[in-house]
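Number of protein chains: 4
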Amino acid sequence: MKIFNDPIYGFISTRHPIILKLVDHPFFQRLSRIKQLGLTYMVYPGAHHTRFHHAMGATHLMQQAVLSIREKGIEITEDEEIGVLIAILLHDIGHGPFSHALEHSIVSGVNHEDLSVLLMDRLNDEFNGELDLGIEIFKNTYHKKFLHQLVSSQLDMDRLDYLKRDSFYSGVSEGVVSSERIINMLNVKNDELVVDQKGIYSIEKFIVARRLMYWQVYLHKTVLGAESVLVEVLKRAKELARKGEELFASPAFHRFLYHDFYKEDFLKEEVLLAFTELDDFDVLTSIKAWCHHEDKVLASLSQSIINRKLPKVLISKQKFDQELLDKKIKDTLFSMGITNEEAKHFVFTNSIKNNAYNALDDSIKILFKDGRVQDITEASDNFNVQALTVPVEKYYLCFPKS
Amino acid sequence: MKIFNDPIYGFISTRHPIILKLVDHPFFQRLSRIKQLGLTYMVYPGAHHTRFHHAMGATHLMQQAVLSIREKGIEITEDEEIGVLIAILLHDIGHGPFSHALEHSIVSGVNHEDLSVLLMDRLNDEFNGELDLGIEIFKNTYHKKFLHQLVSSQLDMDRLDYLKRDSFYSGVSEGVVSSERIINMLNVKNDELVVDQKGIYSIEKFIVARRLMYWQVYLHKTVLGAESVLVEVLKRAKELARKGEELFASPAFHRFLYHDFYKEDFLKEEVLLAFTELDDFDVLTSIKAWCHHEDKVLASLSQSIINRKLPKVLISKQKFDQELLDKKIKDTLFSMGITNEEAKHFVFTNSIKNNAYNALDDSIKILFKDGRVQDITEASDNFNVQALTVPVEKYYLCFPKS
Amino acid sequence: MKIFNDPIYGFISTRHPIILKLVDHPFFQRLSRIKQLGLTYMVYPGAHHTRFHHAMGATHLMQQAVLSIREKGIEITEDEEIGVLIAILLHDIGHGPFSHALEHSIVSGVNHEDLSVLLMDRLNDEFNGELDLGIEIFKNTYHKKFLHQLVSSQLDMDRLDYLKRDSFYSGVSEGVVSSERIINMLNVKNDELVVDQKGIYSIEKFIVARRLMYWQVYLHKTVLGAESVLVEVLKRAKELARKGEELFASPAFHRFLYHDFYKEDFLKEEVLLAFTELDDFDVLTSIKAWCHHEDKVLASLSQSIINRKLPKVLISKQKFDQELLDKKIKDTLFSMGITNEEAKHFVFTNSIKNNAYNALDDSIKILFKDGRVQDITEASDNFNVQALTVPVEKYYLCFPKS
Amino acid sequence: MKIFNDPIYGFISTRHPIILKLVDHPFFQRLSRIKQLGLTYMVYPGAHHTRFHHAMGATHLMQQAVLSIREKGIEITEDEEIGVLIAILLHDIGHGPFSHALEHSIVSGVNHEDLSVLLMDRLNDEFNGELDLGIEIFKNTYHKKFLHQLVSSQLDMDRLDYLKRDSFYSGVSEGVVSSERIINMLNVKNDELVVDQKGIYSIEKFIVARRLMYWQVYLHKTVLGAESVLVEVLKRAKELARKGEELFASPAFHRFLYHDFYKEDFLKEEVLLAFTELDDFDVLTSIKAWCHHEDKVLASLSQSIINRKLPKVLISKQKFDQELLDKKIKDTLFSMGITNEEAKHFVFTNSIKNNAYNALDDSIKILFKDGRVQDITEASDNFNVQALTVPVEKYYLCFPKS
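The listed protein sequences derive, respectively, from chains A, B, C and D. Note that the first sequence covers residues 7 to 408 in the numbering used here. Note that the second sequence covers residues 7 to 408 in the numbering used here. Note that the third sequence covers residues 7 to 408 in the numbering used here. Note that the fourth sequence covers residues 7 to 408 in the numbering used here.
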């Protein structure tokens, strides 16, 4: 049994050798160099926690969930336990650095879920099929569907850990979720993950907390601004690379800047392995070097990130006028002496959407004492949870501070 | 007034424009890319907090200390308040990435205190002398000596914050210090920082906590092992650079690898500015690239860091036998096929020393109700604090796991 | 300056001599023998915190609120500061033991607000008018209305402290409120307490947390059951006393059992002083003695409290059928061998209502950056806060467990 | 399975029906009316937690300890598990209200351990022998001695919980103990409870924390003063009762005031049952009534408790001069107009002793990786734990504030 300290749960311990072997693997160790929340630390200076720690935390909660569900008389075999632990441990293994930004600029055409599956398969070869069941659960091809729901659903261990961890490290105490209480209330009915009736208030609180975390942290306007600039830096770098201009980059990152890889390319071992060498360090080191690049656009965007000179961000419930946008672009091209096209790296608009709970997708089910199962939006008579399910869309506009 | 979230104190707020301007400066922003505890995250996966956050936290405590001391009737003028806040905010501004390792390999001959002073002077020019008083306090040339003690002494705000912060983020709850209580007990007598008599137990606890943090975190043997390997990686890289071999590195880091700078070199603007571009990202990105270098020693040491394949570390109260050392070196050169000299990068011994409280250096003074002032080691009759003041020295031996 | 330890805020300190003198007064010390949450500890075993501690905590928050509002440029004079601190410190001074139960049985016709005013006036005499301004603020006769709002409104320091404290001690972590953040966002516009726009999410969270505390703690059905039985014990005791039967009681409590005092009676010094001798201890000690009383109804109800043999409680959105009620009464009179009238002490129905936020009453106002002020229900476009404002009424039925 | 909220551990759950039945028993429910720390709330206003909650918490830790020890391969059968849980749940069942004070005044000749055994035997009759094994473990007559050590030794679950709980509720954060870590390190060697080598720092910290709690909370001079006055109140009441004077008291308490019961008396059912009706409420209600008693000594001492007009307390390493004592007595008899003998209820001296770790008694053993077992005082080479083992004795003198 090995024990890890965790400021949130006190201790995370594991007794399955395969879990320890996976944690020790370079693919997983890489996650300790990838921040869970990208550039969010620019607003919340404590938010430097990593995908490594999140994956460990979610695995810890999964262990508790397995015990809790077994207490209710639902069978989870030893193999299934190990499988579901593997599935949650590796659920984010395919994340690249600043995932969102990268997927919008460098590694287009392949998302982190695809890469997670590819990397799990690769690990499975290395571990002689020991991950078979875990991969089945992850892909939802295993016959007990509730195990997949523990890994990926409205109430999975991924969310329970990340909400708690993100709120803890960012210091936004309003997002704190009582994961222990929710896990104690988990149950299974007709092979479906449900929550015992008495957990209904905790679920409401969970939905509210998730929503607040969206607006206060994940979609905080300065964070949006910083991540938008990051996307533009990478787009500009890619443009320059395509034109054959020389750009400093670490070897692995250089490869992705100068080639366009598509989903099928990642089936090649060398491309996949190159990907597993990328982390936050490559990206930020390169951007830091680009601060001195002769391309004014690249240099200026890079300095914006490195020196935290972030754009002005306006938020609105309506789309921004094209007129306003044009005016801002014009202001920028004048003041910076760049082209209209180049100015679009500094002035742009986009939209964000948050619905804390998407009932259409899949939903949180409440198990009543009489055996009935109901969707939380119907089960909760005290509180208009439905009000929370209406997706909210907002528009934002970024432009340089004068 | 601007507010930062902090998981430890809830909020850190500041109302002095100069403090905000310094925080916004690239020199200070750089600290957000330098981890407070270097590679400690390899043992304590939560320990990714940065020097940026520590400096903010220490400044927050300083603000409280100023209020507390004023409440006792001791005068601290508005200018002195700003000065002492500047001094603590910038006290670590000269730290490089993985400071300890770097100072033992790359930037020999200059330590972070020297660099802090150089950078403060540089900032002072930029801010037209607004930092004058802060620098005087930092250098201890200001006539009210207790202000310097708040920045640097056995009981300074630096220590109060880092002990609390390191213990919080590493999850080693035993190191938690009641900074609020200690600050409430601070007083000044004859221009010397003292602690009111009723704070005596808190001070004892502080000394004990500090000692425990040393053995459990700062000098944890796996951390020692990781940082020793880091020193060796950098030494080897420097050796190769001196021989003219080509090594990947970011521009700023490349410069320091391929030149030997001495203290006086940092007086040149260009060298100083190059230094301010270095952070953790340069070092780890380079080491990651070196994993594929053809030099077997460099590649192997680099992989040890990146993939967390750390050496075996033995701890002993006695020096290790030369015989044992020779045997381990021989084992290593055989198994790796390297020279005796090269094997010394993998097998080496060193010593560490911890004295939680060094009475000789400077000491914590207790102020009794009758006006007497006594050293804590004498004042504390309940407890043999002196037992804690005997420095403990230990030896460690690192060698590759078979 | 005197410091009190508080597990919630760390320290509560006060520097105004009048506050310390009031805390030391027997009227205030009495509050340390009155639990904030009455019998709630029967469900939440940690909930033994007292009105004393709550009043101290609310005073601590008031001190912070004064500082925060002054930072915004709103004047609060030293006298007003002391006044508003006095008002919050003494806001609950008129609470009796198990206030709700007592007001429904023993001291009918006078509520704790009336008594608070009477006791404040009494203290003001003793302190030669030092409480004048505090009493004006408490009664809302002082010209600066926002000071009264800090003491009593939808967002007063009373609520901020009790929500936090009740949630902390009961261990219902979902109720935690970020009082520090809310206080930082307080402002005053047109002599009205408002919240800065950026505090909007915290206010939403506050309303949600308050609602959850209602359903999970304040109106928890077992708590309702226990407090209902307490009301019945006291009613029965009063019935017996009126008939002249002898009942054990402490001297002060005896007086209230054997006399019916009305509001005007409390203007007499001796009645008011007798009241100030009552606390939880009189009530529970007497009930314990009554477990052996020969009146079967009194003895049985008393045992229910002392030995925690609580009734069954049903909750419903509809009123309970008279038929069901009659059946339960019949069952009880048969099984216990008591009269129909007596059985109504064991079987009864009642209703409870919760609206976390009552917009009609008074409302939380948001101050936008452009100077506009809006009610939170309109200001919050992200979230249907209005859903929370619909009062929810529920019915409950208590009867003996078979 | 039933769940209790606990602010410290989050949840306390139990799945053994016998534990739930014992918790529901009036003997155990009584503990919810007995504060763990008596009058300590007069100094630390949060310290109202009860012996009920402590016993629940210690039982929770015991459940964890059983799991942890089993993980090390040590057998603990289901029956033994239940036994050791019963033993810890009931370990304090014989405590009276303000135990220390009562044992020095009212129920002389019998201590709470004796009463615990008597009450356990009584419960065992009621539960038809289900407590047999638990009682054996409690009395240390069961053959596996380490189970008793979990209930009562230097490192038992009693201490782990009370240190944590007392420090939590009093707000003295320095006393926080990492119970989870210590429990994870528990092991058994040769039927003796030991701690794995890597837990050595946590044990040191535990000893230090315990010592600090002694001086800061348990032996805080104002607490000493309050509890000394309580002893004097009860002594005086007993004196008056012996003289046949009439004193108000609840029926159960009256019995103990007016009779002298010795150990053998408690073998009688009626005396034992009378004892189980005593709690904090009887004592404080009576003292409150005595504030108006015509005996000036009794009234004055009672007012001292009720209105928190506590004596002046001096602490010294040396015994106080008889001369000083005589002077203070003389001052008091003059100012109060009482006899020399009566004045001794107001002026008295006594001694207190604290040794955080008593190596002679029984000791904490460390288990090294090589199988050796050593006492912590020898095992800990880093730290002079022995310094902590020297018992410290202090003297205190109480007398009325002028």
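FYI, nobody ran anything at the bench for these hints, they're computed from the structure. It cannot be assumed that every hint is accurate.
Each pair may be met inside one copy or between any two copies, as identical chains are not told apart.
To be verified - Derived pair list, reagent style SDA-like, types lysine to any residue, alpha-carbon separation capped at 25 Å:
id, residue 1, residue 2
1, K323, K375
2, K302, E283
3, K244, I335
4, K145, D376
5, K323, D202
6, K325, G79
7, K204, D301
8, K151, S74
9, K302, D30
10, K195, N117
11, K8, P406
12, K315, E233
13, K323, F374
14, K8, E186
15, K407, D327
16, K318, E233
17, K78, Y220
18, K244, D127
Cross-check of the supplied hints:
no., hint, in the structure
1, K323 to K375, "between (43 Å within a copy, 17 Å between copies)"
2, K302 to E283, "between (29 Å within a copy, 19 Å between copies)"
3, K244 to I335, "within (22 Å within a copy, 48 Å between copies)"
4, K145 to D376, "neither (33 Å within a copy, 46 Å between copies)"
5, K323 to D202, "between (38 Å within a copy, 20 Å between copies)"
6, K325 to G79, "neither (53 Å within a copy, 36 Å between copies)"
7, K204 to D301, "neither (61 Å within a copy, 38 Å between copies)"
8, K151 to S74, "within (17 Å within a copy, 32 Å between copies)"
9, K302 to D30, "between (43 Å within a copy, 22 Å between copies)"
10, K195 to N117, "neither (33 Å within a copy, 50 Å between copies)"
11, K8 to P406, "between (50 Å within a copy, 21 Å between copies)"
12, K315 to E233, "within (13 Å within a copy, 33 Å between copies)"
13, K323 to F374, "between (39 Å within a copy, 16 Å between copies)"
14, K8 to E186, "both (21 Å within a copy, 15 Å between copies)"
15, K407 to D327, "within (19 Å within a copy, 64 Å between copies)"
16, K318 to E233, "within (13 Å within a copy, 41 Å between copies)"
17, K78 to Y220, "neither (33 Å within a copy, 29 Å between copies)"
18, K244 to D127, "neither (30 Å within a copy, 39 Å between copies)"
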